[in-house]
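Visitor: Guided by the hints, dock chain Z onto chain P, whose structure is given.
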Amino acid sequence: SQELEQSPQSLIVQEGKNLTINCTSSKTLYGLYWYKQKYGEGLIFLMMLQKGGEEKSHEKITAKLDEKKQQSSLHITASQPSHAGIYLCGADLSGANSKLTFGKGITLSVRP
Amino acid sequence: KAGVTQTPRYLIKTRGQQVTLSCSPISGHRSVSWYQQTPGQGLQFLFEYFSETQRNKGNFPGRFSGRQFSNSRSEMNVSTLELGDSALYLCASSSLYNEQFFGPGTRLTVL
Numbered sequence: 013s014q015e016l017e018q019s020p021q022s023l024i025v026q027e028g029k030n031l032t033i034n035c036t037s038s039k040t041l042y043g044l045y046w047y048k049q050k051y052g053e054g055l056i057f058l059m060m061l062q063k064g065g066e067e068k069s070h071e072k073i074t075a076k077l078d079e080k081k082q083q084s085s086l087h088i089t090a091s092q093p094s095h096a097g098i099y100l101c102g103a104d105l106s107g108a109n110s111k112l113t114f115g116k117g118i119t120l121s122v123r124p
Numbered sequence: 597k598a599g600v601t602q603t604p605r606y607l608i609k610t611r612g613q614q615v616t617l618s619c620s621p622i623s624g625h626r627s628v629s630w631y632q633q634t635p636g637q638g639l640q641f642l643f644e645y646f647s648e649t650q651r652n653k654g655n656f657p658g659r660f661s662g663r664q665f666s667n668s669r670s671e672m673n674v675s676t677l678e679l680g681d682s683a684l685y686l687c688a689s690s691s692l693y694n695e696q697f698f699g700p701g702t703r704l705t706v707l
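Chains as they are written, first to last, in our numbering: chain P, 13 to 124; chain Z, 597 to 707.
Chain P with its partners taken away, still in its complex shape:
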């Protein structure tokens, strides 16, 4: 089974709607990273969370880390077509900092 599970697998939303995607780990989280990727391109860094209960926001995107549940959520407010892409969560599961394990990603489509 996957060490990092992302849900849902894919998501289609109407422009302007809010949405939440999740990343759940089967192991202790030492750090949780969110990235966005356009197909075949590099990963764009969104946020890094390291402490339980930590919450960070950038523009219309907010990410939270629930250490007890070993889970992180990413919330997008008032989605726009520019938010479309693949959202990947990566986690430090060993305390080795730079060795990240990634989930399979969530494909987000935003309908104008």
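To be clear, the hints were calculated from the coordinates, so they are not data collected in a lab. Note that the structure is a prediction, hence the values are computed from the model and not measured. There's no promise every hint is true.
As the list claims (entries may be wrong) - Here chain P is said to cover these stretches of chain Z; the calculated rule only asks that three of the stretch's residues, wherever they fall, bring their Cβ under 8 Å from a Cβ of chain P: (1) 612-619; (2) 651-657.
As the list claims (entries may be wrong) - The following label-pair restraints were derived from C-beta to C-beta distances: (3) Tyr693(Z) / Ile24(P): 33 to 43 Å; (4) Phe656(Z) / Tyr42(P): 19 to 29 Å; (5) Asn30(P) / Arg669(Z): 36 to 46 Å.
Don't be surprised by glycine CBs; every beta carbon is placed ideally from N, CA and C.
Guide: Coordinates of chain Z only, in the frame set by chain P:
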């Protein structure tokens, strides 16, 4: 600051050949990590270099190797290429605060 750069962006090789990919990290970053991304396996960690030393290693065969130079630039080498090595190879440089920033990747196709 300039971002992470990777060269070349695209590469086509045949089975049995070897290939070298290059990565220049963000100025001031001393850690460089390499990842392989395929449709089937997703993103998988290859190895990490810090101050010219391999600090972490993933579960890849010995055909995959890397090195880091004194200016923090890194190269990875794959010898005796197999069809299954076709992938997007991404490198990431880490800040002092452990934020990892990725480059645009090198798309390797093995024929």
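Visitor: Tell me, in ascending order, the numbers of any earlier hints that this structure violates.
Guide: Those not satisfied come down to hint 1.
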